[in-house]
Amino acid sequence: MDDFLLYALIGGLGVAIIAGPLGSFVVWRRMAYFGDTLAHSALLGVALGFLLQINLNLAVVASCVLLALLLVALQRQRLVATDTLLGIMAHSTLSLGLVAIALLEDVRVDLLAYLFGDLLAISPRDLYWIFGGGALVLVLLWRLWDGLLAITINEELAQVEGVPVARLRLTLMLLIAVVIAAAMKIVGILLITSLLIIPAASARKLSRTPEQMALLAALLGCLAVAGGLAASWYWDTPAGPSVVVTALVEFLVLYSLPLRRLGISPG
Amino acid sequence: MSNHHHEPLARLTQVDVRFGRNHVIQNISMELHRGCITTLIGPNGAGKTTLVRVVLGLIRPSRGDVWREPGLRIGYMPQKLHIDQTFPLSVERFLRTARNDDPAALEQALTDVGASRLLSQSIHGLSGGEMQRVLLARALLQQPNLLVLDEPVQGVDINGQIELYKLISRIRDQRGCGVLMISHDLHLVMSSTDHVICMNRHVCCSGHPEQVSTDPSFIEMFGVPGAENLALYSHHHNHRHNAHGDVIKPASNNVKVD
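Chains as they are written, first to last, in the UniProt record's numbering: chain L, 1 to 267; chain A, 1 to 258.
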């Protein structure tokens, strides 16, 4: 196996493992569109990274976090509904990113690689980022798990019970931003949300507890990454979309199985 | 417990809440006491939930003071809890997110509300009444000095409502906590409340249930003719509400006591 494929596989598995539990929160809290918006702003982060000559991963995390904070602030006004706001931000940040990259004169950027992911672009250095960021995300999730579940059930109830709601909500956004930066090279900006939500949605069919769903989502995500990369290798299909198609196949298979008859009923 | 009566748990003094130019509640003062059940009644849009949210500390009043006993533990039961179907959750796991990991306390709370058999069931399959009991159990897990219940009998049939109110009285007797609850109609809640506050943005009248039910402003608001009917838990409603709160046709089982 060539090195670059190995790097892609290891990186992809790392991303799938953190995307499982976080994707479950995205599904439970109906944040899919929010995730999409953050992901689209990643391209602006890439442009800014080139412009300011700083580490691209750092620039992506920073731009995602800034956008998340901006969204929280803008949601307080009531003239524009949240989904409209998300739509405006998603497409504006993507367009701003594309325009900014076009204006960068001395940098040649492989846009397709950022939009749809590129196997060849994974370097050992990216793996440090993925696993360093991933470990941080997992540790934080582990520590904050019960609080995050509590605010997912009901934020007001959690607040009365003494859970630091605002801080946890912000942390969750930050974690999603880290995952987006990590997943960008594997599946690309336009497809990141699918890696968050499809495995989690598939896992729902088999789960009776939130923990089961998070773990299964990670597992199904890993399978999708492995399957997608294999398909990409043998049939020369684009890697990111192949991973997403594999995840879709898992989803369709799981939802067409008559699981109740097998004695597994979702809780 | 009687010696704890009249010990204040929380006090609101001349509280206003405004959203923009809109006065949601105005000049409301009240005290909540240990061992005492206080019921808020009033029409839709009267600001009952807003007032409760002020007591809970979820909104800050635009004017006025809110005092809570230092170390006050509040058990809160929200009006409605929507948990997304995509969230796989058993009753047990739901209760275990309530910041009290003690399994014995969990079982005790469920037993107290008569719902111990629901422990391993999915939260999504519960009936309205079962869900209310589970929410009440969660509130009890906070070991509260003050229980705050926002329409605790919503979506529960009439027999279930009577039972739930009895249960709330029993919890008050056993634990000696104060209770603040919102109710839509006085007649069911009468026997299990010590103090009634009838409000429509401001306090219209307050006092013992019998007192309030004969107060002109109460009668004007609810159109209930006379206290003697109330005492028998029946009065002349010209309509009923279904589980969603919609008005349904006059029913022939309207009991008349003339």
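A hint or two may mislead.
Said to hold, decoys possible - Here are some chain A residues the structure puts well away from chain L; computed CB gaps all over 12 Å: (1) 35; (2) 74; (3) 75; (4) 81; (5) 84; (6) 97; (7) 100; (8) 103; (9) 150; (10) 172; (11) 215.
Unchecked claim - Quick partial rundown of chain L residues pointing at chain A, CB under 10 Å, derived from the structure: (12) 105; (13) 146; (14) 152; (15) 168; (16) 170; (17) 171; (18) 174; (19) 201; (20) 237.
Unchecked claim - Have a look at the derived ranges for each label pair, beta carbon to beta carbon: (21) 140(L) to 111(A): 48 to 58 Å; (22) 211(L) to 127(A): 36 to 46 Å; (23) 116(A) to 146(L): 36 to 46 Å; (24) 140(L) to 19(A): 15 to 25 Å; (25) 255(L) to 14(A): 23 to 33 Å; (26) 111(A) to 87(L): 32 to 42 Å; (27) 87(L) to 23(A): 45 to 55 Å.
Hints are computed from structural coordinates only; laboratory data are not their basis.
Beta carbons are placed, not taken as given, at the ideal position from N, Cα and C, and that holds for glycine.
Here is how each hint holds up against the structure:
| no. | hint | in the structure |
| --- | --- | --- |
| 1 | 35 | 21 Å, holds |
| 2 | 74 | 6 Å, violated |
| 3 | 75 | 8 Å, violated |
| 4 | 81 | 6 Å, violated |
| 5 | 84 | 6 Å, violated |
| 6 | 97 | 5 Å, violated |
| 7 | 100 | 9 Å, violated |
| 8 | 103 | 15 Å, holds |
| 9 | 150 | 10 Å, violated |
| 10 | 172 | 19 Å, holds |
| 11 | 215 | 32 Å, holds |
| 12 | 105 | 47 Å, violated |
| 13 | 146 | 6 Å, holds |
| 14 | 152 | 7 Å, holds |
| 15 | 168 | 12 Å, violated |
| 16 | 170 | 18 Å, violated |
| 17 | 171 | 17 Å, violated |
| 18 | 174 | 21 Å, violated |
| 19 | 201 | 7 Å, holds |
| 20 | 237 | 30 Å, violated |
| 21 | 140(L) to 111(A): 48 to 58 Å | 36 Å, violated |
| 22 | 211(L) to 127(A): 36 to 46 Å | 26 Å, violated |
| 23 | 116(A) to 146(L): 36 to 46 Å | 23 Å, violated |
| 24 | 140(L) to 19(A): 15 to 25 Å | 35 Å, violated |
| 25 | 255(L) to 14(A): 23 to 33 Å | 57 Å, violated |
| 26 | 111(A) to 87(L): 32 to 42 Å | 49 Å, violated |
| 27 | 87(L) to 23(A): 45 to 55 Å | 35 Å, violated |
In the structure shown, a violation is registered for the earlier hints numbered 2, 3, 4, 5, 6, 7, 9, 12, 15, 16, 17, 18, 20, 21, 22, 23, 24, 25, 26, 27, in ascending order.
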